[in-house]
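Required output: the full structure, derived from the provided sequences and hints.
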Amino acid sequence: MDTIQKDPLQQQFDSLNPAIPTDRRGFIAGLVASGFALAVQPVAAQTVIKTPADGLVTGAVDIPAGDLTIRGYRAMPAGKGPFPVVMVVEEIFGIHEWVQDICRRLAKAGYLAVAPDLFARQGDPSKIDSIPKIIETVISKVPDAQVMRDLDATAAWAAANGGDATRLGVTGFCWGGRITWLYAAHNPKLKAGVAWYGRLVGQPAELTPKHPIDLIGAFKAPVLGFYGGKDQGIPVASVDQMQAALKAADSKSEVRLYAEADHGFLADYRPSYNPAAAADAWPRALAWFKQHGV
1 MDTIQKDPLQ QQFDSLNPAI PTDRRGFIAG LVASGFALAV QPVAAQTVIK TPADGLVTGA
61 VDIPAGDLTI RGYRAMPAGK GPFPVVMVVE EIFGIHEWVQ DICRRLAKAG YLAVAPDLFA
121 RQGDPSKIDS IPKIIETVIS KVPDAQVMRD LDATAAWAAA NGGDATRLGV TGFCWGGRIT
181 WLYAAHNPKL KAGVAWYGRL VGQPAELTPK HPIDLIGAFK APVLGFYGGK DQGIPVASVD
241 QMQAALKAAD SKSEVRLYAE ADHGFLADYR PSYNPAAAAD AWPRALAWFK QHGV
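The opening residue of the sequence shown carries number 1 in the UniProt record's numbering; numbering runs sequentially from there.
Among the hints, a few may not be true.
Taking lysine-lysine and the DSSO-like style, the derived pairs with C-alpha atoms no more than 27 Å apart in a straight line are [as the list claims (entries may be wrong)]:
(1) 108 x 133
(2) 230 x 210
(3) 108 x 80
(4) 50 x 141
(5) 290 x 80
(6) 210 x 252
The set of hints was computed from the structure by calculation and includes no laboratory data.
In structure tokens form, the structure reads like this:
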């Protein structure tokens, strides 16, 4: 019988989810308290970085987005604003604890950080028990145009709730990394973006008509993209292709490759977490936002 090789991320998923150990009870309680259910996701027993909420305003929020009010997680300094805004675009697993921690890290750096539930119309990834099912039943049904509108709504919500509309940034991870590049070509009010290991090239489809490499001439804000040399899903060749295209267009956007890092290298809840690459990339991300007025 032929053996079907699993996707590497699915292998991580399977290895990390046989059961929920007791040392994760505090981790789960934090998710429930913030208004989000624990996703049956590839979450390790412990995250390396746990950002406390002291000195911050944090929690679940409701974001009016046209025909629907979508949930979100917000973290911002407790002092007087307005604060520069960074929208945080989720992975395919939804707004789980690690995404919330990213918001708190940004809030500690002085930002109003908000992560909207961009899958609200298609489904809840936390209720799905495998990555292929998440992709098939939720992710593959999410139109880029819908995501752009919901991010616009999130930016408007942030501006009305303690954020500075003139200092707007966006960052995203994996699925959200690709969206970050797209949003930089969409919103003329955006100041800067930071994309983490988001897909760069691909075939056009009805719901995803263009990919980052198709939009280089349309970028309205500079994007810094981080990629791993050992990422099996995003070949180095495509990163090189993007880098060459950016250079040819004299673009202000950049890509940075960490040769020894894998996909998800910033995500300290995954086995692919690379402390060296993460420690180098995160300060660069914050500096990129500062450099470009966010």
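Outcome of the hint check:
1. For the hint linking residue 108 to residue 133, the alpha-carbon distance of about 35 Å lies beyond 27 Å, and the restraint is violated.
2. With a C-alpha separation of about 25 Å, the suggested pairing of residue 230 with residue 210 holds against the 27 Å cut-off.
3. Of the supplied pair hints, the one linking residue 108 and residue 80 holds, its CA atoms being roughly 14 Å apart against a limit of 27 Å.
4. Between residue 50 and residue 141 the CA atoms are separated by roughly 33 Å; this puts the pair beyond 27 Å, and the hint is violated.
5. A distance of roughly 19 Å separates the Cα atoms of residue 290 and residue 80; the hinted pair therefore holds under the 27 Å criterion.
6. Distance check on the hinted pair: residue 210 and residue 252 sit about 20 Å apart at the alpha-carbon level, within 27 Å; holds.
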